[in-house]
Amino acid sequence: MTDPAPITASSLVRVDYHTFELADSDKRVPTGFDTSNGLVFSLPGQVVICTGISAGWVTVSVEVRRYPPERVDTDAWDEIVDRSVETTNGALRVASVMSDTPDLPVLTPQGPGTYRVRVHARGRDTVPDGAVDEPVEEYLLIVWPTDRQPDQIHRQSGHYGAQLRAQPSRPAPPVPTAQGDDGIRRRMRERLQRRRTP
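Using the numbering used here, read the sequence shown as starting at 15 and increasing by one per residue.
By construction, these hints were calculated from the structure, which means they are not laboratory data. Model, not experiment: these values are computed from the prediction. No false leads were mixed into what you were given.
Restraint-style ranges between C-beta atoms, simulated for each label pair:
#	residue 1	residue 2	range
1	Ser39	Glu84	31 to 37 Å
2	Pro20	Val141	27 to 33 Å
3	Asp89	Thr115	27 to 33 Å
4	Pro20	Gly144	31 to 37 Å
5	Pro126	Pro82	18 to 24 Å
Just so it is clear, CB atoms sit at the ideal spot from N, CA and C, and this is done for glycine as well.
Hey, can you work out the whole structure from these sequences and the hints?
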């Protein structure tokens, strides 16, 4: 089936600690890094996308659909992975870990339930582990409602993604008693340090 009118939009999105997220709440839980597919992992209500840069800006385009796309554009992207995510409140949005929410539409307009997110990435090998003022990485997120399924890998050709896949997954840091801004920054520093520890 084809979508009569998918919702599309693009925005710059702030990256900190090698990630930006999709979240259906302001109350995010600390996550370990599941690097098995080298690009994306999720918990209920939260999707984490791993970036090559450690800090700066990336270009994110979204396409919200009622049905899955008919084809996968593997020629234009370095990495493409489909991942299932559950949202309890039906308001999944692109979010920055330490910045304001970008001006992009809700990705789950059909309400609570299970969705598929196809994450496309390119440019992660340009400035790996660097901080940038101008975007060097691009992401396309295509989202549609469907039943839960295992990850589907469409393309894995980036060097940075291969490095992530070679690392063991890391557990989540302990939840601190203080939930203020300093606690969030400390948790994110711990997450980054865990990723870099051999």
